[in-house]
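Chemist: Sequence:
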Amino acid sequence: MVLLDSIRDNRCIRCGKDLLITDGSTAEKFCGGCGFVITERIVDLGSEVRAFSKEEFDDKARTGMPASLAVHDMGLATVIGHERTDAMGKPLSSSMKYTINRLRTWDNRSKAMDSAERNLRQAFGELDRLRDKLALSDAIIEKTAYIYRKGIEKGLTRGRSISGIIAAALYMACRESGTPRTLNEIARQSNIKRKDVSRSYRLLVEELDVTMPVLDPIKCMARIASQAGLSEKIKRVALTILEKANSIELTAGKDPMGLAAAALYLSCAMNKENTTQKTLAMAAGVTEVTIRNRCMHLKEELHILVQSSRERY
DNA sequence: TAAGATAAGAGGGACAT
DNA sequence: ATGTCAGTCTTATCTTA
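Okay, so the first sequence: first residue is 1314 according to this note's numbering, each after it adds one.
Treat the hints with care, since some could be wrong.
[Unchecked claim] Below, simulated EDC-like cross-link-like pairs (lysine to aspartate or glutamate); rule was C-alpha separation at most 16 Å, straight line:
id, residue 1, residue 2
1, 1508, 1498
2, 1548, 1586
3, 1557, 1614
4, 1567, 1519
5, 1557, 1520
6, 1532, 1586
7, 1585, 1613
8, 1467, 1451
9, 1548, 1529
10, 1463, 1430
11, 1532, 1556
12, 1557, 1601
13, 1567, 1545
14, 1463, 1520
15, 1591, 1601
16, 1612, 1562
17, 1463, 1545
18, 1612, 1556
Keep in mind that the hints were calculated from the coordinates and are not lab data. Bear in mind the structure is a predicted one, so any value in this text is a computation, not a measurement.
Based on the provided sequences and hints, a complete structural model is requested.
Modeler: Written out as structure tokens, the structure reads:
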């Protein structure tokens, strides 16, 4: 606890002066007297309070960046920032600037020294970009990073593009966690051809020896409905259609997005809600023809009668 | 203008060779 | 390993109400 005590008193554990300063951009504490750096993460190794329940622990736990799988060195390295001032806020002399720049260069080089590290750096940079574009949760990102590291272990990245594998790993993470993202979306946002992402995905599935669950049409339905701005009532009816279809195994082998869009379309028709196939097709990322085909099947198999805009079932 | 019909083609899984 | 086949989905175009 000597470390915590010293930090609480702002006292440096090396020179003993009470000159500890917190760097705003990196959240590191360091001594203004001797320059000794105490990282937040050392402090974070233990919680200084006792907690007796999960909720209480969450409440009292210190905040701060956890060691993340999605950072090439798991976030454990000190970085040399780009500030133009020294620890006390004074501007650096030009010779000092030069020295700092050299240090920063070597710091970066040592961090990305071997190719595996460089590979991860690039991959997770790409992943970070995709996270924003596709509005994904941190859990998905972590999962993707995990899958990607597994892929590297198996040597699957050799001869393949990093962004291709990262996109495939991302798709895997989405499938696994039931997050409705289509191969098309991921391919488009990562500027990789759908075909290539798909190939890498199948490779990963095979080599890592996992079985991927099929995307749940009901989750897809919820996403499409919110995107197309449909009411709860429409969703409820569509849900019953999907459940019926599922119970007679009509859903096997069908694109869940197309299926969900078709169920929503039928639901709209039954409730005399004005929605075009085009709107739903756009929201679901499938074509109108697919919706029509699924609709036909659903109508036949579930005996949904359609007579001039008045339907019942 | 929305919806239905039809046809050609891509990509992948199952299966046989 | 390679080829074939049935089934799915997409793209494109035309017709219908």
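Chemist: List in ascending order the numbers of the hints, as given earlier, that are violated by the structure.
Modeler: Of the numbered hints, 4, 5, 6, 7, 8, 12, 13 and 17 do not hold.
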